[in-house]
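All chains should be built: construct the whole structure from the sequences, respecting the hints.
Residue numbers for the sequence shown follow the numbering used here, so the first one is 8 and each next one is one higher.
Derived from the structure by calculation, the hints contain no laboratory data.
There may be inaccurate statements among the hints.
[Said to hold, decoys possible] Label pairs and their in silico Cβ distance ranges:
no., residue 1, residue 2, range
1, S130, V109, 17 to 25 angstroms
2, P133, S42, 38 to 46 angstroms
3, L157, E209, 16 to 24 angstroms
4, T136, S156, 41 to 49 angstroms
5, H57, G203, 17 to 25 angstroms
6, E69, G175, 19 to 27 angstroms
Using N, Cα and C, we set each Cβ at its ideal position, and we do this for glycine too.
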Amino acid sequence: MMHTVNRALMAAIGMTVLMACANVPAAGPSSGESSGPRFVLEMLPGPEFHKAQIAAWVEDEEGRFLGTLYATTKGARGAWAMAPSDGRPEALPVWYGRREGVADVVSSATAKGATVYGSALASNLPAGTYTVMLEINRSFDYNAAYPKSLGVNGQPSLVYKAALRTGGGKDEALFQPIGTGSVDGADGEIRPGLDGISTALELFSTLRVSFESE
Numbered sequence: 008m009m010h011t012v013n014r015a016l017m018a019a020i021g022m023t024v025l026m027a028c029a030n031v032p033a034a035g036p037s038s039g040e041s042s043g044p045r046f047v048l049e050m051l052p053g054p055e056f057h058k059a060q061i062a063a064w065v066e067d068e069e070g071r072f073l074g075t076l077y078a079t080t081k082g083a084r085g086a087w088a089m090a091p092s093d094g095r096p097e098a099l100p101v102w103y104g105r106r107e108g109v110a111d112v113v114s115s116a117t118a119k120g121a122t123v124y125g126s127a128l129a130s131n132l133p134a135g136t137y138t139v140m141l142e143i144n145r146s147f148d149y150n151a152a153y154p155k156s157l158g159v160n161g162q163p164s165l166v167y168k169a170a171l172r173t174g175g176g177k178d179e180a181l182f183q184p185i186g187t188g189s190v191d192g193a194d195g196e197i198r199p200g201l202d203g204i205s206t207a208l209e210l211f212s213t214l215r216v217s218f219e220s221e
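Structural data, given as structure tokens:
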């Protein structure tokens, strides 16, 4: 079953968000490109699934930021309820740092179920190998390493990466976790390793990205 999610198109990039239901409520409306060269992001809920802030973006082989594929509304717009004056820099600190000064905001409703998201950003890039980065963060997911008493908002954001080839036929890859963002949003650096991370790794059971040309 597919539902459509809130429209948010940025210039030169067509997007499609298709929400599939797998015994989990799906989020509501979608529009944009669903054919032609595109990156397709697939996220399937895991045992600790709960609405989270998510951003996915593309970098070249030298690590230069090329554009955002997907970003949840609150994370992209800073639309936080009862947030401190400086917002929530700890929500998606790596993405915030990478895209700083770039007017490429793309936002979609927070994923409420299985999500398949297609972005035509691929059609604007020359054939080659690209890195797709993914950052995910759920608020208030405290654990033994990151208790509420520590004064943080739970476990830090998790950062994943995958490499894709474009310009030919279909190519796909599973995202692999490579580290975390700053737990307090102090900077946009990636901390290698997953020490102290527990339930945050189980928000999604499958995280996959593909390049499709038809």
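Status of the hints after comparison with the structure:
no.: 1; hint: S130 x V109: 17 to 25 angstroms; in the structure: holds (19 angstroms)
no.: 2; hint: P133 x S42: 38 to 46 angstroms; in the structure: violated (20 angstroms)
no.: 3; hint: L157 x E209: 16 to 24 angstroms; in the structure: holds (21 angstroms)
no.: 4; hint: T136 x S156: 41 to 49 angstroms; in the structure: holds (45 angstroms)
no.: 5; hint: H57 x G203: 17 to 25 angstroms; in the structure: holds (19 angstroms)
no.: 6; hint: E69 x G175: 19 to 27 angstroms; in the structure: holds (21 angstroms)
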